[in-house]
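Novice: Going down the list, the sequences are from chains A and B. So that you can map any letter, position 294 of the first sequence is 303 in the working numbering, and since no number is skipped, the others follow by simple counting. So that you can map any letter, position 280 of the second sequence is 860 in the working numbering, and since no number is skipped, the others follow by simple counting.
For the record, the hints were derived by calculation from the structure and aren't laboratory data. Don't take every hint at face value.
Which bits of chain B does chain A cover? Going by a derived footprint, with three or more residues having C-beta under 8 angstroms, they are [what the hints assert, rightly or not]: (1) 581 to 592; (2) 601 to 610; (3) 833 to 842; (4) 940 to 946.
The beta carbon of each residue, even a glycine, is placed where N, CA and C say it ideally should be.
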Amino acid sequence: MPDTDLDQFRTDTRTWLEANCPPEMRKPVRSESDVCWGGRDQSKLTPAQKQWMDAMGARGWTVPDWPKAYGGGGLSPAETKILREEMRRITARNPLNSFGISMLGPALLKYGSEEQKLDYLPKIARGEIRWCQGYSEPNAGSDLAGLATSAEDAGDHYVVNGQKVWTSYADKADWIFCLVRTSKQSKQGGISFVLFDMASEGVSTRPILLISGNSPFCETFFDNVEVPKSQRVHDENKGWDVAKYLLGHEREMISGMGLGGAAGNPLIDGAIATIGLDDTGRLADPLLRAAIAEFEVRARAFAMTSERFIDELKAGKAHPAQPSMMKYYGTELNKRRYELMMAAGGSDALEWESQASSGGATARQWLRTKANSIEGGTSEIQLNIIAKRILELPS
Amino acid sequence: MPLYLNDEQTMLRDTAKDFVAEHAPVGHLRSLRDANDATGFSRDLWKQFAEMGFTGILIGEESGGLGLGHVEAGVVLEEIGRNLSPSPFLATAVAAVEALKGTPHAERWFPGIIAGDAVAALAIDEGAKHRARIGMAAERSGNGFKLSGRKQFATHAHVADVIIVAARTAGSADDENGITLFAVDRNAAGLTNTPERLADATLASRLVFDGVEVDADAVIGEVDAGAGPLRRLLAAGRTGAAAELLGVGGGAMDLTIGYLKERKQFGAPIGSFQALQHRAAHLYSEMEIARSAVLKAQQLLDANDAGADAAVSVAKAMTGMATTLSVQESVQMHGGIGMTDEYDVGFYMKRARVLAEMFGDANFHADQLAKISGY
């Protein structure tokens, strides 16, 4: 597309966003309740959240680069980039946080049948179904392919039995994308990838109380759950291909945490608020200032890497294992950010319930980030992948 | 603009990669060092750079150059870094060219730079650490100025055809206004020019100006308004040094990854050991992050973007940290052989240290970024 058309697209996008993004949706995300996940039950969404999600969803702009036929915006890479830049310009919140968008969608686009794409993708784009991910099990964490949840062939459907763990928001999700064992003949070659409704008979969840005092993860139990074979994605026993591809996207999503929020810089603003500036305009704690400054160099360079990675991905120039590098670096960076935020906040940041601390928002998030380098494949697993697949070191 | 090299830039990179690896590999540096070469670089190589068009990359087409940008200059610098090639390229074809652009001095020096005849040196630093302050005095004297003070870390100044000197014609050392840039002859009366060999075998001069007289024509740009060209010089130099650091860090890493695949202990290649795999993978990650920062700074400089200053500091700080890590990890993972002069990896460590200091180290630039960000 010629540059003049892109300029026009930018102008139109800017106008549309100004008219359609509610003012509440331009404020920083302060706590979990500020995040819009969509789903079948939208009674907990604020009117502004619903308005913003619906307006973006109707244009396909919750998934701007997906094809229009599947509920996407059909935008080119250059247009998608402009849309994101214009959203950042007005500090617009993400209209819809969704594992359907960040994880399942890309896997369906690659491995789903045409019927599955037409059925599931538009609902993901509009935020009508909230998804969760059934991957890890009590005895299959880093060694994910060792999973044991079984799916027995019962003609036109499978009967699923077993247990998943660390299922994010399983208690709030409508559907699950789940790895199950359809054969014991081969470890990785005996896994299938299935989708089913969390309201199915035999599904139960139990939230896990974490060190943050919150329960974003669940244990999920399957007791003779019937899953139609039409809800299997890709061939039977080929689920590991889908799982790995999806993990790449999950790692991309988690690495995004290294970017911090869209609006302001809570670390710097927070440090200035508690510590103050000296008469030369420097943060009055020189050692903390130095630590923050070094962190900010890395954080900015990481944001640039994220931009480069997305550009390379769209142009087909990215190494397929590069998400592992992004995941490793982004999560370690995010843990560091929250260590510094706690140091900057001092005893203010230790309050766990007070109104001033928004119910211990920083402290709870600080603790939450400790899982970043564990979930979606630990940092050590990512380093293994980088060493083997990118550096091609011998095994 | 996407954050990767376009087709033309990729072609230039391939050309530069082959050319520098063939004509100025690490062995070239080693032989100059072993011969205790008094110039500090090969004039033949500088000529060859000119024949390739490299020396005119940042010079406009109307002046006979290629009219390209910092991305292209950086592509060449990365290969210079990867091969540790001693070259006046960074100071002359990048930093000096940016300072001289648009002044009568451009007409004087650009043809020689394009032809690979002229070499420029930079006299900016007044102490052992790069600072944002310029204190050296330039007093009005007759039709011109009289320069007094000290400069150091002036690479190749002992053989340079022109030395670009930042001095103060008004105000005090910390003021932005009142700086003037001068083009000074290396043999000027009253100038003591003492080349010192650095750890990486580069020759860099200590310069003592004892009432060095220059006439008004020596002023680059306007009197008291040298901050503008100095800022351009420093932005180009910092971004260029960052690109060269990327090459140094990448070269050391490649050498090390190769060694991990070949060297056997306990009956297996040492690269099969997870302890070393994780060190190597972490190093790879740091170098990738640094690469993005360099390209971003180059693109923003080329676009005259308001965010370029911050990006330049991010690039110089990030490459300083990543390459410092790279050369340390490289020596460690090579084990004992990495400590020997016979093996090349030590050369990478020395060059990395020099470039990390040049135009401000990682601490200096983290501090700059903090100031820009208001804390």
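Novice: Run every hint past the structure and note whether it holds.
Specialist: Results for each hint:
1. Counting residues of the region 581 to 592 of chain B whose CB falls under 8 angstroms from any CB of chain A gives 3; the rule of at least 3 is met.
2. Check on the region 601 to 610 of chain B: 0 of its residues sit with their Cβ under 8 angstroms from a Cβ of chain A, so the three-residue criterion for coverage is violated.
3. Chain A is given as covering the region 833 to 842 of chain B, and this holds because 3 residues of the stretch bring a CB closer than 8 angstroms to a CB of that chain, at least three being needed.
4. Against chain A, the region 940 to 946 of chain B contributes 4 residues with a C-beta closer than 8 angstroms to a partner C-beta. That satisfies the three-residue criterion, and the hint holds.
This entry does not satisfy hint 2, going by the numbered hints stated previously; all others are met.
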